[in-house]
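The listed protein sequences derive, respectively, from chains A and B.
Yeah, the first sequence ends on 76 if you go by the working numbering, and it's all consecutive.
Yeah, the second sequence ends on 659 if you go by the working numbering, and it's all consecutive.
None of the hints are false.
As a list, the in silico EDC-like pairs of lysine to aspartate or glutamate whose alpha-carbon atoms are at most 16 Å apart: (1) B/K81 - A/D50; (2) B/K609 - B/E422; (3) B/K115 - A/E15.
These are computed hints drawn from the structure, not numbers from a lab.
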Amino acid sequence: MEDIRIKKVLSIVFEVPIELITEDAAPDHIDNWDSLGHMNLILALEEEFDVSIPDEEVGNMVNYKLIKLIINELLK
Amino acid sequence: MENMKFTEILQLNKGLVGTIQAKTYEIGILSNVTVNSIKEILEYSCRTNEIEPNIEFGNFDNIVQDSAVFKNKDIIIIFYDVLNIVDQITEFFEDLEEGKYNSFKIKLFTEIDIIFENLRNSPSVIFNSFSSAYYNHNNMQVSKIDTFIKELNTYIEEKKTNNMSIVNIDKLFTQIGFKNSIDYRFYHSSKAPYTFLFLKNYVSMIETIFLRNTGKLKKAIIFDCDNTLWKGIIGEDGIEGIDMSPNSRLGKFYHLVQKIAVFLSKRGVIVGLCSKNNEQDVLDILKNHKDMILKEEHVVIKKVNWVDKASNLRAIASELNIGIDSLIFVDDSDFEINLIKDQIPEILTIQVPKSITDYPDLILKNIYKYFNLDLNNDDAKKTEMYKQQFERENSKVSFSSINDYLASLEIELTIVKNDKAQMPRIAQLTQKTNQFNLTTYRYTETQVDHFMTDKKHEVYAMFVKDKFGDNGLTGVCIVKEDNNDPKNVIIDSLLMSCRIIGRNIEFVYVKNIIKDLAEKGYQTLSSKYIPTKKNAQVEDFYEKMGFNLIEIINEEKYYSLDIENFEGKTLGYIKINKNNNIK
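Looking at chain B on its own, in the form it has when it is part of the complex:
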């Protein structure tokens, strides 16, 4: 998108109007400079990601007051540009006397406090760092304006809340060049300082936040081998002839890409291989090649064979139990890249660039956009868990009945309630879970925090382990007391990670939550199923659970359950951990 003309974006965006089948994503933009040209660029970016945006601008230079008005938007983007802040001062900034400097600073701190306080419970906020790039005439001394901007940036870093992402504007200026970012002609005539190029790159940079908030991040990256993980082709150059040495001119770029792949595998991203080769050759290289950093332990899934890559990638998604659109595929060949683009357009493809020096950068740019690499303890363990999943799948075969098999797993559940330590993981699960998700409501940490604190809400989380390993927190259920009937309670969200599907855990999990709700004195339970492209597997979950279907409105199914008469399935092979039962 960064390389498209504004008019192209306008046209393509117009073509996408009305094609996105999704709940409207409400976007508020607050600014003290004119940024209206961002509207169509942001709309286009959203629509290419299957998000249907509704953008509303606040009044010009009215951020403080409008932050209270916009706080319930799904996302609020704030452009509080230092250009128009400094213009409030009548003196030349460097000539400001200390008293005035300080009172001006306090005024801004107070404004920031009010804005942040107003938006404290908003789902998601984007705030830009203040830039001193506008004032780069004196780079040999620390000027007053430099100090001022530094103090502002330190202040926002200190005060920022969990729901807030701070965009480092200076890095963006550096990336595209300051002169290409700011156009003073329109700043002076219309208070609009940003160029199209800046706005396009800005939107592209914040895209990751939109993907995260709407559950559209990727889960796996699948690499081809020849000329993708190393220079050369096994079949032509031989195992001795391939090159990924940190000390060779071309090999070092492949070396760096391997280092990135290892890093990803430790951050919960699934790393896989899909290559047309003899499997034994590739295994041999993974095990024995001295320059190979990416080892078998980092690779969760391998399809090394002579089958076409579209079939292999489909098989990978299905074996990992993740959506096909959760894959990124990296390959050097025009043929393979075009095949996947044509056959499975949902897969994001990255082609190894002809200019190999650009290869690691291209990979890095994409992984930071499409993966949430926030360091969350649970993620680091995931690679190990996916491997255990395969051991489980493999041992499935040898049991005559599925119940014998499930019993052999020695499954244990632990359910906790309103446990604030689990907030980040719970929010992450609501954002990422697509398949076993009855309503697919996405929540940020701030919202989860609110539910945990609020007396009318309960947030249940479930931990699952079995003899093969610990799956960690893999189930979430959020319930809410009915405002019109205090004896009725409503299931707002019910979801489970795909890692634990297929073991009947859901029945025991929900039964125990219902038990807890009964103890709290609720008599009836309402629930609903909202269909999406991905959650068909749970369309009759509530029927199986014993709920009564009340009505279907716009394909959404509404249910009710009489808690007192609820029995539920008894599954002896799933143990509820009594020591840590619902607190």
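For reference, chain A alone in the conformation it holds in the complex:
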């Protein structure tokens, strides 16, 4: 369930079709995932899951797998 919601946020924020958001999705292969894009992503994930992502995790969420891990951790 969370998987799809995370992928959807990534897809909308970075304007990439959702099927291209794979387990390996990372800034290297997504053009819009620059520092501003990353900020929008974090803020959009916070809105989507109604969580507050701690400062130290913001810099860690640099690919889809890590995002999933941290979001699931915060939702516990």
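Fit chain B to the given chain A structure using the hints.
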């Protein structure tokens, strides 16, 4: 929009790309903090209002220089945030010695001077007040930073020009809460202090300026009666049973809404009623109910009957001669609100909230957004003028020919030229007039001022009165000498308020302007008609006037007129006021 998720806005905005048929509205954003996330939010807000935006950001923290580059945009929004201003200081601010404090202050004043000077003639500028909310650790003493920010705010208030709107950022912080507005995580990593919530609310707040600049403000507010102007239903509770008393627990909210309606009627907003009731009952309440503050004199139009409300609202728009999208409709019933949303989506509907304590706030929020309540003398008189319009409409019936009727009105025109005292009203007319408007160019006061001063432009304004009353300034014409041919003059804008349409005034008005242009030595006159959704009624105006149609490009019609051989219609029943003729 304030309650939508950022991702929802992104998606909806994407869906609207390419759907708006309008000239691009050029928006420049200058900032000393990162505000790029505002782009899609602002685009979405514009597109929902049928404005097609093109947003360009200035370089980061380069407001002073970029203000010169961006000055020709349709609107310039400036985020000059005190956070990144104070960060320039190496010391702790409270520890600044006086000399350094003063030189820092002078530096900022100078920067503000340059920015304001660069943007002096821009159509529209939004500048945010400086906020001391960032420094609220010491609320028992006046700190140095408080004094500093106060001085900056006093300075911008003093220096601000007519084209500038100052946003009170502190009020916005208070409204949504400071902690919900500022996110220091991204300020420290990316110099981006504002949260999505802040940006969404900010955009929603400035929306009114966009509506005003693009002529999309509303003109009338139409109220249902039962459970909208009073608590209770006449048909069930009886005239004695309804409640809008300032002293009752629930009645007082309706009382307050009535006070707001009275205020609006004095500010040139058309207030009307649309209610399913027996007309006599409602008239009786308007006249005789002791708690009724909204009286017949405040209400321009009433449709109290058993006809469906969509038909009634259509009739109201047509009788008032205003676009259907200029109406706001207030009702408590789900059924009526949904009917209007479905049948006439152009009408903005406001449903009386279930929690009645929120009702006056909801009304206030909407009226400040959708009406221009700047106090302009002419507006206060408008309610009276709309009423006179009805007397005119009614007396129309008894004359056998329309010319007899028009002659009986004793119409008098006064045309003035480059009269600076009329600047606010002229700018307002260019912004609000949709129907009798040949080019629909919107201008701000600053632009009108420029035209009046510039030797190659002339700005004509027309006053109209008749035996029923004074319509005030209701016609504008802006002409410009042709850069390539000094004997040719071009009509840039020609418009008349809908209040005076249907009396052939336009023919006499334009004829007199042409006469004045002939006296100035011009030999030919060029003009054009640009079609919009609302100005079909003037598509053949220039043909009727005797202009020659030269060509049609992209549905825009181009005309030319030989001034020397121009005769024009003579209409004996319209008097040109000689005493105040073109100055």
